[in-house]
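**Student:** Protein sequence lines correspond, in order, to chains E and A. Everything in the first sequence is counted per the UniProt record's numbering, starting at 1 for the first residue and increasing by one. Everything in the second sequence is counted per the UniProt record's numbering, starting at 1 for the first residue and increasing by one.
Derived by calculation from the structure, the hints in this document are not laboratory data. Check before you lean on any hint, since a few could be wrong.
As the list claims (entries may be wrong) - Examples of chain A residues lying across from chain E (beta carbon under 10 Å, computed): (1) N345; (2) A383; (3) K395.
Beta carbons: idealized from backbone N, C-alpha and C, even for Gly.
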Amino acid sequence: MDPKLAEVSQLFERFKAACAREDVDTCCNVLSKLKVLLTGFSSLPPLFEDTPNAIHELTLARDIYEHAVLLSVKIGDQDAFERDFFQLKPYYTDASSSRLPPSSQEYMILGLNLLRLLVQNRIAEFHTELELLSSTALENPCIKHAVELEQSFMEGAYNRVLSAKQTVPCKTYDYFMDLLAKTVRDEIAGCSEKAYGYLSVSDARQMLLFSSDNELLQYIKELLLPVLYESL
Amino acid sequence: MTEDVEMKELPAPSNSATSSSPSTLNHLKEIASLIETGAYAREVRRIVRAVRLTMALRRKLKAQVLCAFLNFALSPGSEPHNRLAAHLPKEDEHEMEFDTATSVSQSPVKHPLPELEIYCYLLVLIYLIDQKKYSEAKACSSASVARLKNLNRRTVDVLASRLYFYYSLSYELTGDLAEIRGNLLALHRIATLRHDELGQETLLNLLLRNYLHYNLYDQAEKLRSKAPRFEAHSNQQFCRYLFYLGKIRTIQLEYTDAKESLLQAARKAPVAALGFRVQCNKWAIIVRLLLGEIPERTVFMQKGMENALRPYFELTNAVRIGDLELFKSVAEKFSTTFSSDRTHNLIVRLRHNVIRTGLRNISISYSRISLADVAKKLRLDTANPVADAESIVAKAIRDGAIDATIDHANGWMVSKETGDIYSTNEPQIAFNSRIAFCLNMHNDAVRALRFPPNSHKEKESAEKRRERQQQEQELAKHIAEEDDDEF
Numbered sequence: 001m002d003p004k005l006a007e008v009s010q011l012f013e014r015f016k017a018a019c020a021r022e023d024v025d026t027c028c029n030v031l032s033k034l035k036v037l038l039t040g041f042s043s044l045p046p047l048f049e050d051t052p053n054a055i056h057e058l059t060l061a062r063d064i065y066e067h068a069v070l071l072s073v074k075i076g077d078q079d080a081f082e083r084d085f086f087q088l089k090p091y092y093t094d095a096s097s098s099r100l101p102p103s104s105q106e107y108m109i110l111g112l113n114l115l116r117l118l119v120q121n122r123i124a125e126f127h128t129e130l131e132l133l134s135s136t137a138l139e140n141p142c143i144k145h146a147v148e149l150e151q152s153f154m155e156g157a158y159n160r161v162l163s164a165k166q167t168v169p170c171k172t173y174d175y176f177m178d179l180l181a182k183t184v185r186d187e188i189a190g191c192s193e194k195a196y197g198y199l200s201v202s203d204a205r206q207m208l209l210f211s212s213d214n215e216l217l218q219y220i221k222e223l224l225l226p227v228l229y230e231s232l
Numbered sequence: 001m002t003e004d005v006e007m008k009e010l011p012a013p014s015n016s017a018t019s020s021s022p023s024t025l026n027h028l029k030e031i032a033s034l035i036e037t038g039a040y041a042r043e044v045r046r047i048v049r050a051v052r053l054t055m056a057l058r059r060k061l062k063a064q065v066l067c068a069f070l071n072f073a074l075s076p077g078s079e080p081h082n083r084l085a086a087h088l089p090k091e092d093e094h095e096m097e098f099d100t101a102t103s104v105s106q107s108p109v110k111h112p113l114p115e116l117e118i119y120c121y122l123l124v125l126i127y128l129i130d131q132k133k134y135s136e137a138k139a140c141s142s143a144s145v146a147r148l149k150n151l152n153r154r155t156v157d158v159l160a161s162r163l164y165f166y167y168s169l170s171y172e173l174t175g176d177l178a179e180i181r182g183n184l185l186a187l188h189r190i191a192t193l194r195h196d197e198l199g200q201e202t203l204l205n206l207l208l209r210n211y212l213h214y215n216l217y218d219q220a221e222k223l224r225s226k227a228p229r230f231e232a233h234s235n236q237q238f239c240r241y242l243f244y245l246g247k248i249r250t251i252q253l254e255y256t257d258a259k260e261s262l263l264q265a266a267r268k269a270p271v272a273a274l275g276f277r278v279q280c281n282k283w284a285i286i287v288r289l290l291l292g293e294i295p296e297r298t299v300f301m302q303k304g305m306e307n308a309l310r311p312y313f314e315l316t317n318a319v320r321i322g323d324l325e326l327f328k329s330v331a332e333k334f335s336t337t338f339s340s341d342r343t344h345n346l347i348v349r350l351r352h353n354v355i356r357t358g359l360r361n362i363s364i365s366y367s368r369i370s371l372a373d374v375a376k377k378l379r380l381d382t383a384n385p386v387a388d389a390e391s392i393v394a395k396a397i398r399d400g401a402i403d404a405t406i407d408h409a410n411g412w413m414v415s416k417e418t419g420d421i422y423s424t425n426e427p428q429i430a431f432n433s434r435i436a437f438c439l440n441m442h443n444d445a446v447r448a449l450r451f452p453p454n455s456h457k458e459k460e461s462a463e464k465r466r467e468r469q470q471q472e473q474e475l476a477k478h479i480a481e482e483d484d485d486e487f
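All chains, please: the whole structure from these sequences, using the hints.
**Tutor:** Written out as structure tokens, the structure is:
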């Protein structure tokens with residue numbers, strides 16, 4: 001096998017081992033080394049040259065970027081997620097049409113990206129990404145989950161959003177679902193402010209899904225803090 | 001020209017068939033001479049007129065006529081002639097020779113102008129596309145584009161932009177649009193460098209069409225926002241640009257801008273372009289539904305569009321009533337139409353609007369209604385309808401769609417009384433916006449009065465004036481006949 005390819009594969013094995021051990025620092029270091037080595041291959045985007053090892057190199061690069069994306073979810077770094085996802089996207093759109101076999105994690109990562117856009121309230125980009133998906137992709141549970149979540153969010157059925165946390169298709173979604181829960185809570189608070197003339201504490205606690213009254217009072221204090229500062 | 005038509009329709013022996021095609025041939029020769037004079041005098045208007053005359057002749061083009069014309073315009077045996085003639089099918093050999101003999105004896109061999117060569121390419125391409133020979137059209141158009149890259153004359157620009165259009169069309173009809181994207185981008189760069197504004201416009205539209213064909217809205221928007229914009233040279237290109245812009249804006253959830261662009265495109269389009277107007281109207285209807293307004297019935301009853309707009313009419317009905325069940329059944333019934341129009345995702349977004357409309361109706365009709373009843377009326381078919389209904393109503397109140405409050409303890413929704421609207425500032429604001437709109441339209445109309453360039457420079461001689469008046473008469477006749485087959 002090509003010596004460069006062998007080196008990259010070895011390093012990749014080390015990376016996967018570090019991931020399994022949850023050793024985040026080693027993972028990040030090895031990942032940066034891997035990315036530098038990948039620039040040596042000319043069969044990758046944006047050049048897409050037809051070298052003899054092209055398919056092998058492309059598959060390897062795609063695996064590396066998929067792991068990078070999952071790593072960024074684990075450490076909670078949304079910027080890194082965005083960067084790595086953009087690097088990964090050409091492998092799904094351009095390369096797949098020609099030669100690569102489809103990746104098993106493709107739909108999960110696409111669903112993750114949709115969820116991320118929803119959490120960051122970039123609804124326009126969410127819909128643009130949605131247009132790019134074929135109808136078979138839309139049937140996939142990971143993606144369907146994200147789409148239904150967006151619909152419930154738009155309609156205002158926030159309780160459905162919060163209950164969807166139980167029905168995530170895979171564990172990696174948990175990070176974004178937690179962020180979403182926070183956003184939803186703010187939305188519910190905003191709506192309740194306008195809609196209810198009077199609401200008891202126990203009802204409020206139930207609606208906002210707090211487990212105790214203290215948490216609720218803490219939350220209210222945080223909300224009112226900017227108002228208090230202004231009145232001062 | 002009417003006499004030619006009558007002659008053709010008679011059950012004619014082969015003699016009169018050949019005698020009718022020379023008159024088409026004569027027309028083509030006239031057009032060729034028009035192009036020559038235009039090229040020598042550097043007047044682009046003549047070339048535009050030549051192209052318009054060609055479009056009128058489009059139906060009458062036949063292989064032998066084209067061969068004869070090629071022999072006339074380009075010296076037979078020269079390289080351009082061989083390249084072009086290779087694309088034409090070899091029919092009726094003896095007829096061709098008869099025509100060749102007459103035409104060659106009539107005209108001396110001349111050195112072909114580049115404009116004439118490009119014009120011949122254009123003719124052959126139109127003929128091939130009309131005959132549905134798409135793969136040959138593809139080959140011919142690629143050859144012509146390669147030839148165009150070497151030419152840098154303003155008089156060729158009009159012909160060039162037509163060629164680009166047919167180039168893209170031939171690739172689209174064979175399903176290979178992605179291949180030419182790189183070429184189109186390079187051509188756009190070249191057109192910008194040469195300040196070829198018509199070419200820039202045409203190529204930008206072709207690129208947008210290319211991206212939108214593959215649903216690449218993100219890239220289309222990036223291109224559109226960075227490309228240089230200027231006053232539209234061609235009405236048809238401007239309409240297309242507005243339509244593509246409207247589509248992009250719709251997907252990006254900017255419905256007000258989208259509605260403006262789409263309605264403008266539908267209005268500016270020529271009456272003959274029925275398919276284009278139908279598409280514009282379909283998207284405009286959906287955008288208006290997404291904005292929360294119901295389009296009037298007259299929109300669906302426009303001439304020639306009733307059948308095509310039927311699914312959208314039923315959809316509008318479902319949204320107007322606010323009935324989720326009906327909406328779902330309509331969406332399923334016409335799902336194939338919606339998928340082929342690529343509006344399927346937008347229809348899914350409409351569900352939210354259906355619920356809002358239903359909620360608004362309920363809030364107006366009931367002063368107090370329990371949330372369980374609201375859920376039943378809206379036909380929310382979810383696991384926990386009452387809690388859903390409560391959240392939905394709360395959001396609607398916050399967004400200002402309905403005027404009500406929720407009583408959580410008793411589980412009902414109480415609507416507020418609507419006060420006297422004339423005592424507020426609302427009427428004044430509405431009047432202000434209407435007046436501003438009318439004034440804007442007036443200003444745009446004044447600005448749109450265009451004067452022909454260089455008109456203040458040279459005094460017209462009597463001959464030029466006669467020619468200009470003749471051109472204007474012809475133009476008026478074309479517009480009146482609505483036979484204008486411009487692309």
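**Student:** Grab the minimum C-beta distance from A383/A to chain E and call the hint holds if it beats 10 Å, violated otherwise.
**Tutor:** holds (8 Å)
**Student:** Given a cut of 10 Å on the nearest C-beta pair, is the interface hint for N345/A held or broken against chain E?
**Tutor:** holds (6 Å)
**Student:** Can the hint on K395/A be confirmed by a CB-to-CB distance to chain E that is less than 10 Å?
**Tutor:** With Cβ-Cβ at 3 Å, under 10 Å, it holds.
Comparing the model with each earlier hint shows no violations; every hint is respected.
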